[in-house]
Amino acid sequence: MFYREAGQFKTSYAADQTVFPIVQDRWGVAAMVAIAFVGVPLVASEYMLQAVLIPFLIFALAAIGLNLLTGYCGQVSLGTGGFMMVGGYMTYKLTTTFPDVNILIVFVFAGLCAALVGFVFGLPSLRIKGFYLAVATLAAQFFLGWTFNKVGWFYNYNPSGTITAPPRELFGITITGPTASAEVRYLVVLCIVAVFAMMAKNLVRGRVGRSWMAIRDMDIAAEIIGIQPIRTKLMAFTISSFYCGVAGAMMVFLWLGSAETEAFDINQSFLVLFMVIIGGLGSILGSFLGAAFVIITPIILTNAPPMFGIDLPIDLQKHIEIMLFGSLIVFFLIVEPHGLARLWQIAKEKLRLWPFPY
Amino acid sequence: MKLKTLILAGIAGATGLSAVAASPALAQGDQFFPMLVYRTGPYAPSGIPVANGFRDYYTLINNRDGGINGVKISFEECETEYNTKLGVECYEKLKNNGSTGASLFNPYSTGITYQLIPKAAVDEVPILSMGYGRTAAADGRVFEWVFNFPTTYWSQASAFINYVAQQEGGFEKLKGMKIAHVHHNSAYGKEANPTLEALAKKFGYKLTLLAVDHPGQEQKATWLQIRRLKPDWVFMSGWGVMNQVAIKEAASINFKMDNFVGNWWSGSDADVIPAGKGAVGYKSATFHGPGAAWQVHKDIVKHVYGGDESKAKANNVGEVLYNRAVVNAMFGVEAIRTAQGKFGNKAMTGKQVRWGLENLNITEARLKDLGMEGFTRAVKVSCIDHETGGPIVIQQWDGAKWSIVSDWIPTLRDVVRPMVETAAANYAAENKITPRTCN
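Line by line, the protein sequences are chains A and B. If you read the first sequence in our numbering, its first letter stands for residue 36, the second for the next number, and so on. If you read the second sequence in our numbering, its first letter stands for residue 11, the second for the next number, and so on.
One chain only, chain A, in its complex shape (with noise of 0.2 Å):
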């Protein structure tokens, strides 16, 4: 009834090429923009800001860099986590360094080093495939990790070897540090966030993404219609990496505040994977979904007891969640394999004969 495109015609190359061709899907992410921008930061509590909001959106950001590599190229990636850690201690290390020069250029430049190492740990892609590439970029992130556990420049030396991020200002307003106001940094997280994904929702329907996603489908085909696999997939690794060296910088900056190695091992990598997965590879939507459903769900789920005036024992209470969450996981891939996004397109499809299905 209310979806619908009848009527909705197309005079012009450029309305046809729009990133959202259906008016109701053009209103509909206008309104969640503005509510995000304008609602949230006036309702949203502290907590719901600092422990739910923050981090759903970094990690959003980390699986669409992710799913650019993995759900659009076809290359599996277990360093995430490593990627991340670049951008976090290469932010840390030039803001320390260059104190003066603007905190969001130097999220940029860290991006641009995740990027280069995403580069070099992408090399061994042009040889080997599925599992044993993903085997191989574990050594990414088990490499990074002991590198910025051992060598003292990152962290400048200081005995712990935890960075943390020092107070910086955007346009007068501090901005990271602990005496930012959870409010600003919800409003540069989600304003690098939104650029970013709309930057990647436009890559994978350019010339880039369709190269990536023949690669995907089967590359001898995609190398005999004239893509060179060589600049594809080492295009797919650096620009992911960037994205998730971003990501990384904001978690340190924007969310925790300080961090150590640990904080990007290993479980990460397989977190954000998880996110793609559970989202749906090869969807930015499906990354938004993902992050949500990884991040929230288990808040929910501690939350959710004493609320009802359950009063359980802590331990049992956490056990519980793990539980509910994997079957949670179980239940939504067998319901549908294709992840989260395709749920929605599904609804989509049925909301079109809504109320009078045939």
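Hints are computed from structural coordinates only; laboratory data are not their basis. Heads up, a few of these hints could be off.
[Claimed, not checked] Pairs of lysine-lysine, BS3-like flavour, derived with a Cα cap of 25 Å:
#, chain 1, residue 1, chain 2, residue 2
1, A, 185, B, 188
2, B, 211, A, 185
3, B, 240, A, 185
4, B, 185, B, 216
5, B, 442, A, 128
Keeping the supplied structure of chain A fixed, place chain B upon it in accordance with the hints.
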């Protein structure tokens, strides 16, 4: 999937999420203690006795004394799994609970402490990281809101070297000696390294640093290295499951247990029991007595467990980490009592608790009143010194129980304090903090 199911699922999710923001209301006028605990995960063997110790001491104060000068204690646990990210979530969740907000945080994780140090100053909630966390926080001029008395990792490492010197017959004997530090590869484990390195330069022993990666279940390679190296002494900074594995491995290579000393987080009952006979002779540092024979334990059994000793034992009463939590909870409660002395007998705010911590003066006489005479030592905190550099004792496991085998061993304050001040000054410069002056 049906559309209806989808929508229902969406609504259910949204309701759950919106309800997250609301936290349970607590009784008015209570003094609220947040508790970051870990009763699950690989660190649970260490986390459970700690959590029980806190809970029992707070309950004891409520049941025996009717609260702190009549102000009832309320507390809430939040599970962190020793994970820094969950720790931050718990902090955000609990910091505004209770009638006056959180009194003080005891993170029981060096990683979480590092996260909370900058936040605490902004939220005006003091952190009492008793014998862990950032050692530089001992400089109260830079770290106004953080306390780590009675002593720190750096002081402890210096006291360990002092102990080795005592055992070997003087500091000059240390020259050419081989000492290995087996440590958890994290901010916590690495804390002692700079002190051990500085002292290695000073006394001429050869230091080997051996890192064990989280969580520490696999240490074959580390102990193979030790077997090859044949160090005279091994010092360990471990936590959770890492400790018992290390002790088992040490036993399996027949390392002389008398020369294997853990720090105070590597010497609880759960660490030695799994190693069986192999653990006999293993030593560790501590700053309070072991066992449940102290007056305060008798009070706990009487007032918390209604005299049921077996139930008390099942809840870890008398274990090393349980006792440490009791000491820690006592410091917190006494700080509030101190603050009440100035601000009146009501629930204290974080700011007032901070004043109480900074002016805390627990004398031997006071310890006697608390049923802790001989259990731990008197402590006097000051504005400039949040650590007090207290001495340590060495306890040894005999296969059935821990017993104290040394006198109080002084720390090498002349070495440690300048290092603390340098580290604090670096932190202040990096984070643009102007140190306050202490008079």
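Going through the hints against the structure:
no.	hint	result
1	185(A) with 188(B)	22 Å, holds
2	211(B) with 185(A)	21 Å, holds
3	240(B) with 185(A)	24 Å, holds
4	185(B) with 216(B)	8 Å, holds
5	442(B) with 128(A)	16 Å, holds
The structure meets every hint from the earlier list without exception.
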